[in-house]
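Novice: Let the hints inform the model, and build the full structure from the sequences given.
Going down the list, the protein sequences come from chains V and E.
For what it's worth, our numbering labels the leading residue of the first sequence as 1, then goes sequentially.
For what it's worth, our numbering labels the leading residue of the second sequence as 1, then goes sequentially.
Heads up, none of these hints are tricks.
DSS-like, lysine-lysine: derived pairs with alpha carbons at most 30 Å apart:
1. E:135 <-> E:212
2. V:248 <-> E:306
3. V:290 <-> E:306
4. E:135 <-> V:67
5. E:306 <-> V:165
6. V:263 <-> V:165
7. V:267 <-> E:35
8. E:35 <-> V:169
9. E:135 <-> E:201
10. V:67 <-> E:201
11. E:35 <-> V:248
12. E:35 <-> V:165
13. E:216 <-> V:67
14. E:224 <-> V:67
15. E:306 <-> E:201
16. V:352 <-> V:267
17. E:306 <-> V:169
Hints listed in this document are in silico derivations from the structure and should not be mistaken for laboratory results.
Read off the chains here:
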Amino acid sequence: METAVKKKEETSVTAINDFFLERPDYDEGYDSKSNTVIRLCSPKKDKNQKAYKVTGIDDVASKNNWKAWLYLAPALILVVIFLIYPLINTIFISFLSDYSYIDGSYSGFTFDNFGLILGLTTHNGAYESNFTNFAIPNTFIIVFITVPLATLIALLISVGLNSIKWFQKFLQTVFFLPYVTNTIAVGMVFSVLFDQTGIINYIFHSNTTWIYGASRWTAMIPLCIYIIWSSLPFKILIFLSGLQGIDKQYYQAAKIDAASRTKTLWKITVPLMSPQILYIVVTSFIGAFKEYTAIVGLFNGPGTSNGGYEMYTIVYYIYDNLSKQTSFAAAAAVFLFVIILIFTFLQLGVSKKRVYY
Amino acid sequence: MEKIYTDFPKENLNNITLSINEAGRTVESIQRSEKIGRILSTVLTYLIICFLALLVIFPFYWMIITSLKTNTEILQDDQTFFPTIVMWTNYVYVFQSFKFGTFLLNTVVVAFFSTLGTIITTVLAAYAFARLEFKGRDAVFMVFLMTMMIPGEMMVISNYITVASFGWIGTNQTYLQAYLAMIVPFIVSVFYIYLLRQNFKQIPNELYLAAKVDGKSDWSFLWKVMVPLAAPTLISITILKFMGTWNSYVWPNLVTSSESYRLISNGLRGSAFTDSESGRTNYGYQMAGTVLVTVPLFLLFVLFRKYIMRGVGRAGIKG
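Specialist: This is the structure:
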């Protein structure tokens, strides 16, 4: 009888013999030690003479597999060109003076771009006041108003939704609707709602200008309402899935101890939801720092009137100056990146003490 | 001191009734008041939830009825909750002047190719990360994950320069160049690679070994076994990617030189809704445009609710 063993080394033959000696009932199998598929070829199970076919799973097993790199290549090339290179390049550009993206020329390295966006230095004798007066404060106002409010509202809605029986699925779908919309389109709807002759003024018998020609602080109100409205669905979705994962025993124990509903909410629900709350707070902070499309939708520009910049945000500034003053935009982008990093790490640091996993 | 009655007949011992006298209330009255409290709180919860749901829905209602009003009715002081004259002609006007068809075609083309590209790169990369072994796999994967932390705004600046250096941006931009500029930077998504890799990892190794025993190649195993098993995730990715393109505003606005290359969101903020006579915005036309942009998304949501909500729950990002 012919022995068809593909592997050359004698040691592997003994390994195969061992493999089938240990498993007398099997005709084929996988040997994890040698990472091979072993198949008995001969139907006759003679103890001393066996025919095996060995298929090495070399495609996966061998390290530094060039095939694996072929699979990875499309994504890897694109990630390098459109994600990693831009990151390095943007940081590089933020330190260049008189940079022109068209021919890539620049006159030298400088910290002035950062000085300018922080209001420390001037460019052609002028401060970048639109950035320091409007973009930075507006961004922080939006972040610190919308994130806590939206998180709290979303938490209360989720707790309410979780406690009801009838129409729960239907109401859940209703609250998810703002997610499946076009930010620009609904922003335009909000600007109609808040129009001077619009429905909001009609209901509250007021004559306030909210959108066009409004003052910066009045215009903040519809903007923040819109941002909260559009950020609720995602938060509710995450919170609801968190709530449904809480063990009912905790609530039964609270009931036996005659704890009030508010006490149950703050002492049981919120602590047990802390991983979801942390996740929502971190992602919402990052999202709110990057607010841009809501402003385009509501105001159709960076200001409440033509030529105004009252509603500027950091990201709006970046997009506005991207092709005109690329270095300033790059410096603003690096600035934003650093702020987001700091806030993310701060929140993760706080969470170490407060989050119960 | 209350007298406690202990002299009960022996034959009734099996049937002891415990009577609690707490502040003059019996068990029945406590249970009754608890029940009333429960009903009250349920009613209150429903009231609050329904009120908030109405607030959430209201902008959509207002969008639809405003799209059917005349501009005079919209601007009058007394707001009406239903249009007095139903103006279907607003929609006719929008179809004619808003170039809805052009924007729709552009959006569909860009969405189709960027989704297709994303699916291909994602499937291949996720497979490499989940199943294949090669030197530096974990290091490359870490680098991929780290890019997720970086805000997209950091990339936009350089990507704009990159795309410009490819010659895709300029005053003499052709349709092909505009499409390339809008599609190519977005046919890779690290997050979807991560998502699909997790999904691939859950597929038991035995399947792979069985395929190997049957002499299947890695390639056919990937497309015949892995991809069908991960179909729900791939459907979620497709829908979210499509929604992302439908919503994308900034990038198409930056890289296209002519309005006729742009996507649906850009069209909305164009000049199509300005009344040529008065120079003011016609809200009726504008809202008809927003309805046309919103309805396809709603249809998608109704059809694929499960996939969208699951995908969003795990992805947490728009597009």
